[in-house]
Amino acid sequence: MKTFDELYDEFFGGDKPKKSRRGKKSPDSGKLGDEMKRMIESLSNFRQITDADEQFEIDNEYGPADKVEYFMEDELFFKRSTWSVEDGEIVKLEVSDVPFEDEDTKTLEELLQEALDSENYELAAEIRDEMNKIKNN
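Each residue of the sequence shown is one higher than the last, beginning at -8 in my numbering.
Calculated from the structure, these hints are not laboratory results.
It is possible that some hints are incorrect.
[Claimed, not checked] Simulated restraints, written as ranges between beta carbons of each label pair:
{"hint": "1", "residue 1": "I81", "residue 2": "K124", "range": "30 to 38 Å"}
{"hint": "2", "residue 1": "Q104", "residue 2": "K(-7)", "range": "24 to 32 Å"}
{"hint": "3", "residue 1": "E26", "residue 2": "A116", "range": "27 to 35 Å"}
{"hint": "4", "residue 1": "M122", "residue 2": "L84", "range": "22 to 30 Å"}
{"hint": "5", "residue 1": "E105", "residue 2": "A43", "range": "30 to 38 Å"}
{"hint": "6", "residue 1": "R119", "residue 2": "G54", "range": "32 to 40 Å"}
{"hint": "7", "residue 1": "E45", "residue 2": "Y112", "range": "37 to 45 Å"}
{"hint": "8", "residue 1": "M27", "residue 2": "E60", "range": "27 to 35 Å"}
{"hint": "9", "residue 1": "K22", "residue 2": "F68", "range": "36 to 44 Å"}
{"hint": "10", "residue 1": "S109", "residue 2": "E48", "range": "34 to 42 Å"}
Everything numeric in this text was worked out from a predicted model, so none of it was measured.
We treat Cβ as the ideally placed atom computed from N, Cα and C, and that holds for glycine.
Work out the full structure: start from the sequences and follow the hints.
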């Protein structure tokens, strides 16, 4: 899981607010304020849906997702479904403490082989490390 500082740097591109010698914000701080407002507005549009019927309605309204990704972080399993719509994207993120069952789900060995075949060695190393974690537990 990313730290607050990592997320901050990722969102703002590493530009942290600078203070002058007297402790006052530099002229660039207005830019930061605008970015913060934009981030808060974006976050305020998110909502958590816990009702299974409402989740079912969303899935039916938009049909099959345009993109489905599975990943694991901090011993939690994630399924991110993305639909492209006229105004942007709708993202549904499901979190579980057990792996998701799906016919399209691939084993770590299959993912590792795909990463090696496509010469994506960084991803292959991450998958290998995850396999070693599981093997050692």
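Here's how the hints hold up against the structure:
no., hint, verdict
1, I81 - K124: 30 to 38 Å, "holds (32 Å)"
2, Q104 - K(-7): 24 to 32 Å, "holds (28 Å)"
3, E26 - A116: 27 to 35 Å, "holds (33 Å)"
4, M122 - L84: 22 to 30 Å, "holds (24 Å)"
5, E105 - A43: 30 to 38 Å, "holds (33 Å)"
6, R119 - G54: 32 to 40 Å, "holds (36 Å)"
7, E45 - Y112: 37 to 45 Å, "holds (42 Å)"
8, M27 - E60: 27 to 35 Å, "holds (28 Å)"
9, K22 - F68: 36 to 44 Å, "holds (38 Å)"
10, S109 - E48: 34 to 42 Å, "holds (37 Å)"
No hint from the list above goes unmet by this structure.
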